[in-house]
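**Q** Here is what each chain is made of, one letter per residue.
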Amino acid sequence: MGALRSLEKLDRRWIFLVVGLLVLFPLLWPLDLPLYVSPPVQAYHDAIAELPDGCTVLVSCDYDPASRPELVPMTETTLRQLFDKRCKVVATVLWNGGAGLVDQVLRGVGEEKQRVYGVDYINLGYKAGNEAVMVLMGQGIASAFPRDNSGLPTRGFPIMREVRDYSSFPLLVSISAGYPGTKEYVQQVQGRFHIPMVAGVTAVSAPEFYPYLQTGQLRGMLGGMAGAAEYEKLRREKGTATQGMDAQSMAHVFIALCIVLGNVVQWTRRRRDAA
Amino acid sequence: MKREFPLFVTAAVGLFMILSFFVPHQAVSVPADFLQQSAVIVVAFGYVLGGANVLRVNFDGIYRRRPDWPYKLVLAGSLLATLAIGAIEGRGFQSEGTRFMWIYDQVYSPMSATMFALLAFFIASAAFRAFRIRTLEAGLLALAAMLVMLGRVPIGNAWTQWLPEPVRLQGIQEWIMDIPQNAAKRAILIGAALGVMATGLRVILGIERSYLSGED
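Chains as they are written, first to last, in my numbering: chain A, 1 to 275; chain B, 1 to 216.
Derived by calculation from the structure, the hints in this document are not laboratory data. Source: prediction; values computed, not measured. Hints may be right or wrong, so weigh each one.
[To be verified] Cut-off 25 Å, straight-line C-alpha distance, at most; resulting in silico cross-link-like pairs (SDA-like, lysine to any residue):
| # | chain 1 | residue 1 | chain 2 | residue 2 |
| --- | --- | --- | --- | --- |
| 1 | B | K185 | A | A275 |
| 2 | A | K183 | B | S112 |
| 3 | A | K183 | B | L201 |
| 4 | A | K183 | B | R186 |
| 5 | A | K183 | B | S125 |
| 6 | A | K183 | B | I188 |
| 7 | A | K9 | B | A120 |
| 8 | B | K185 | A | I195 |
| 9 | A | K183 | B | Q161 |
| 10 | B | K185 | A | P39 |
| 11 | B | K185 | B | A145 |
| 12 | A | K183 | A | P158 |
| 13 | A | K238 | B | Q161 |
| 14 | A | K9 | A | K238 |
| 15 | A | K9 | B | Q161 |
| 16 | A | K183 | B | I41 |
| 17 | A | K233 | B | R186 |
| 18 | B | K185 | B | Y211 |
| 19 | A | K238 | B | T160 |
| 20 | A | K233 | B | I172 |
| 21 | B | K185 | A | Q190 |
| 22 | B | K185 | A | K238 |
| 23 | A | K183 | B | I176 |
| 24 | B | K185 | A | Q217 |
[Stated by the list, open to error] Covered stretches of chain A, going by a simulated chain B footprint (3 or more residues, C-beta under 8 Å):
| # | region |
| --- | --- |
| 25 | 2–15 |
| 26 | 19–27 |
| 27 | 34–42 |
| 28 | 45–58 |
| 29 | 64–75 |
| 30 | 241–248 |
Just so it is clear, CB atoms sit at the ideal spot from N, CA and C, and this is done for glycine as well.
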C-alpha cells in the first residue's frame with residue numbers, strides 16, 4: 001500500500017526517464033523479437049512485385065522530418081523493391097517541409113542501386129495546392145510540375161518522355177503522414193482516374209484507411225514503423241524500422257503498464273477516501 | 001451587389017466544377033483546368049499571406065515587449081534569415097550543398113523530429129495520470145487499446161506464440177482493426193462525406209455565407 005501511495009505523487013520526470021531508457025537500451029542492444037507479416041503488408045509487397053519490369057511508378061511522399069522514423073524506412077524499402085524490378089520512379093511531395101528529406105532518400109537509394117537521376121528516377125519536388133495539385137496531375141504531370149526539385153525544367157529529363165498523366169503509371173504509391181496525403185489521393189485520384197494504389201502511413205492514421213483496404217481502393221498498406229519492419233522482413237532487409245521495433249515494443253508495454261498502474265492507484269485512493 | 005456578386009461567382013464556379021467531373025468535353029475540361037491552376041496559384045499566395053501575418057503578429061509582440069518577446073524575436077529572425085538565404089541561392093535553393101539545405105538538415109529537420117519524438121514521453125505520462133476507467137465503455141476502450149498496442153509490436157506475439165493462432169495478440173489485434181474499428185470508421189466516413197456534400201450544397205446555393213464576412 002505504501003508503494004501505491006508514493007505512486008500517487010509520482011513526479012512525471014520519472015516516467016520520462018523510464019521511457020527514455022526503455023527506448024534507448026533496445027536500440028543499443030537489440031532483442032531480435034520475432035516479426036509477423038500482416039495481410040495488408042503482404043498485399044503491399046505483392047502489388048509492387050506483380051508490376052511489369054521496367055514500368056514507371058508514381059511515388060508521392062507527403063511527409064516532413066517529424067515522421068522520419070516511421071515513413072523514411074518504408075520509402076527506402078519501396079524504392080529498393082522498385083529499382084530491383086528496374087522500375088522508374090517519379091516522386092512528388094505535397095508537404096512543404098518534405099522536399100529536402102525526400103530528395104536525400106531518393107538520391108541515397110538511387111546511388112545504392114546505381115540508378116541515374118533524370119533517367120531512372122526524378123524528384124519533382126514540392127508544389128503548393130494540396131488536392132488541386134492532385135487533380136492537376138491528372139491533366140499532365142509535367143504541366144503540374146514544370147520544374148524538378150532543383151529548379152531544372154522537367155520536360156528536359158529522359159524519364160519524363162514516357163510520362164503524360166496518371167494513365168502512364170500502373171501503380172500509385174502514396175506514403176503520407178496526414179493531410180494532404182493518402183486519403184485525398186483515394187478521394188481525388190483513385191476514385192476519378194481509377195489508378196491502382198498502395199499506401200504507407202503513420203501508425204496513428206492507419207485505422208482511417210482500413211475501409212479503403214476492405215473496398216480494394218488500396219491494394220495494400222504499411223501502417224507505421226511496424227508495417228515498415230514487416231515489409232523489411234519480407235524483403236529480407238534489416239533496416240532502421242526493424243531495429244526500432246524492439247524499442248517500440250518496450251514503449252508499448254510500458255504505456256500499457258502505465259494505464260493499469262494509474263487505474264490501480266486511482267482505485268485504491270477512492271476506496272481509502274470512501275472508508 | 002457587394003454580396004450578391006461573390007455569391008453568384010461561388011455558385012457558378014461550384015456548379016461548373018461539379019459539371020467538369022461528369023463531362024470530359026473540351027468546352028468544359030479546358031476552363032476547369034484553368035480554374036484548377038488558378039486554385040494552385042491562390043494557395044501559393046496563401047503562403048505569402050501566412051508569412052506576412054506571422055511577421056506582423058510577432059513584430060507587434062516584440063514592439064510591445066510581451067512576456068515571451070525574445071522567442072518571437074528568434075522566430076521572426078529565423079524566418080527572415082531562411083527567406084533571405086533561400087532567395088540568394090536562387091531557383092536551385094533546394095539542391096545538395098546549398099546553405100538553405102544546411103539549415104534544413106541541421107536545424108529544421110532535427111527540431112521537427114524532436115518535437116514529434118516528445119510525444120512518446122507525454123503519452124506515457126498521460127496514460128498514467130489521465131486514462132481513468134470509470135465506466136464500462138471506458139473499460140472496453142482501455143482493453144481494446146491495450147490489445148491493439150501489444151498486438152502491433154513483436155513482443156506481444158512473442159508472449160502469445162504458444163497459443164492457437166486466432167487467440168494470439170496479433171490475431172486479436174487484426175480482428176479489432178478489421179471488424180469493430182472498421183465498422184465505426186466507415187460510419188464516421190459516411191457521416192463526414194454527407195456533411196461535406198451538405199456544406200458544399202449550402203455554399204453553392206448561397207445559404208452558407210460565413211466565408212464572406214463571418215456572417216452565418
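**Q** Please go over all the hints and tell whether each is borne out by the structure.
**A** Here is what the structure says about each hint:
no., hint, result
1, B:K185 / A:A275, "violated (43 Å)"
2, A:K183 / B:S112, "holds (23 Å)"
3, A:K183 / B:L201, "holds (22 Å)"
4, A:K183 / B:R186, "holds (13 Å)"
5, A:K183 / B:S125, "violated (31 Å)"
6, A:K183 / B:I188, "holds (14 Å)"
7, A:K9 / B:A120, "holds (21 Å)"
8, B:K185 / A:I195, "holds (24 Å)"
9, A:K183 / B:Q161, "violated (35 Å)"
10, B:K185 / A:P39, "holds (19 Å)"
11, B:K185 / B:A145, "holds (15 Å)"
12, A:K183 / A:P158, "violated (31 Å)"
13, A:K238 / B:Q161, "holds (22 Å)"
14, A:K9 / A:K238, "violated (42 Å)"
15, A:K9 / B:Q161, "violated (38 Å)"
16, A:K183 / B:I41, "holds (23 Å)"
17, A:K233 / B:R186, "violated (31 Å)"
18, B:K185 / B:Y211, "violated (29 Å)"
19, A:K238 / B:T160, "holds (24 Å)"
20, A:K233 / B:I172, "holds (22 Å)"
21, B:K185 / A:Q190, "holds (19 Å)"
22, B:K185 / A:K238, "violated (33 Å)"
23, A:K183 / B:I176, "holds (21 Å)"
24, B:K185 / A:Q217, "holds (15 Å)"
25, 2–15, "holds (count 3)"
26, 19–27, "holds (count 3)"
27, 34–42, "holds (count 5)"
28, 45–58, "violated (count 0)"
29, 64–75, "holds (count 6)"
30, 241–248, "holds (count 3)"
Hint check: violations occur at hints 1, 5, 9, 12, 14, 15, 17, 18, 22, 28; the rest are consistent with the structure.
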